[in-house]
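K.L.:
Let the sequences and hints guide you as you build the complete structure.
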Amino acid sequence: MSEPVLYIVATPIGNLADLSERAREVLDSVDYIAAEDTRHSGRLLAHFNIKGQMISVHDHNERQRCEHIINLLGSGHSIALVSDAGTPLISDPGYHLVRAVREAGYRVSPVPGCCAFIAALSASGLPSDRFQFIGFLPSKSGARLQALEALAGNSETLVFYESTHRIVDSLGAMSQAFGADRYAVVARELTKTFETIHGDRLSALVEWVQADSNQQRGEFVVLVQGAAPDPRTDSIDPEAERILRILAKEMPPKKAAGVAAEITGEKKNRLYQLLID
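If you read the sequence shown in numbering that gives the first Met the number 0, its first letter stands for residue 0, the second for the next number, and so on.
Honestly, I wouldn't trust all of these hints.
Said to hold, decoys possible - Listed below are the simulated BS3-like cross-link pairs for lysine-lysine, each with C-alpha atoms no more than 30 angstroms apart in a straight line:
{"no.": "1", "residue 1": "253", "residue 2": "266"}
{"no.": "2", "residue 1": "248", "residue 2": "267"}
{"no.": "3", "residue 1": "266", "residue 2": "248"}
{"no.": "4", "residue 1": "266", "residue 2": "254"}
{"no.": "5", "residue 1": "267", "residue 2": "254"}
{"no.": "6", "residue 1": "50", "residue 2": "191"}
{"no.": "7", "residue 1": "267", "residue 2": "253"}
Claimed, not checked - Label-pair distances were calculated between CB atoms; the ranges are:
{"no.": "8", "residue 1": "209", "residue 2": "128", "range": "31 to 37 angstroms"}
{"no.": "9", "residue 1": "48", "residue 2": "237", "range": "48 to 54 angstroms"}
{"no.": "10", "residue 1": "164", "residue 2": "126", "range": "25 to 31 angstroms"}
{"no.": "11", "residue 1": "178", "residue 2": "127", "range": "19 to 25 angstroms"}
{"no.": "12", "residue 1": "199", "residue 2": "48", "range": "39 to 45 angstroms"}
{"no.": "13", "residue 1": "249", "residue 2": "17", "range": "50 to 56 angstroms"}
{"no.": "14", "residue 1": "175", "residue 2": "237", "range": "26 to 32 angstroms"}
{"no.": "15", "residue 1": "211", "residue 2": "266", "range": "47 to 53 angstroms"}
{"no.": "16", "residue 1": "66", "residue 2": "88", "range": "17 to 23 angstroms"}
If you're looking for bench data, these hints aren't it; they were derived computationally from the structure.
Just so it is clear, CB atoms sit at the ideal spot from N, CA and C, and this is done for glycine as well.
P.N.:
Here's what the structure looks like:
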């Protein structure tokens, strides 16, 4: 490799055959591999006979490791950052390191591949043109419910990560915050032997998971259908609404609606009614 680079390398989330050829070449060519858990990633590297020197970079030491890794880059070394599974930085450590490396003037290059929530979204049957990735919810029940209630009106598909010991409680909180009839999909152990992708009303999903202890094990992606659109605004383009609200800060409603209609092509009366409502 002709220049020092920090590579952000996606690794399999279960099936080792999902490691891309480019990812394998990069991992085999860099001088150091920065891993969230060196023992876990060591098994992956051993499987592919990759013998790079490993550095531990996790939640508790990431900020301290930044200077060391930047010094290695300054000495001409290239480094690959990997997480335990999937794409680094997606609900995993790495943000502080990537920012520090970029600010130090070194190139950061992504080596794309597996990402659990993208894999789940692609197979869920839920709308994927607009979605919001939330990641892990707060561990305490009160904070978790509060976070979910704040999302209840969002119209885009909502995507969460969840762990074995909280999946039942989290589904119950979602049913409470979003309504028992809101449709959702639980994707469990993706690409692994016991992969499960199951969709139903939230209340039914709670019962389904509670009734089968096997469905409470593993790593989870939970995808929740967005709230039904408000019939008063469902035909108004979001960009038109954004422009309208900006104009409304400086103009009376009728004038703001007229100017927004001229800019966007939306009907003036509907824009005006939106402001009034």
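K.L.:
Now tell me, hint by hint, if it's right for this structure.
P.N.:
Verification of the supplied hints:
no., hint, in the structure
1, 253 - 266, "holds, 12 angstroms"
2, 248 - 267, "holds, 17 angstroms"
3, 266 - 248, "holds, 20 angstroms"
4, 266 - 254, "holds, 13 angstroms"
5, 267 - 254, "holds, 9 angstroms"
6, 50 - 191, "holds, 25 angstroms"
7, 267 - 253, "holds, 8 angstroms"
8, 209 - 128: 31 to 37 angstroms, "holds, 33 angstroms"
9, 48 - 237: 48 to 54 angstroms, "holds, 50 angstroms"
10, 164 - 126: 25 to 31 angstroms, "holds, 30 angstroms"
11, 178 - 127: 19 to 25 angstroms, "holds, 22 angstroms"
12, 199 - 48: 39 to 45 angstroms, "holds, 44 angstroms"
13, 249 - 17: 50 to 56 angstroms, "holds, 52 angstroms"
14, 175 - 237: 26 to 32 angstroms, "holds, 28 angstroms"
15, 211 - 266: 47 to 53 angstroms, "holds, 51 angstroms"
16, 66 - 88: 17 to 23 angstroms, "holds, 19 angstroms"
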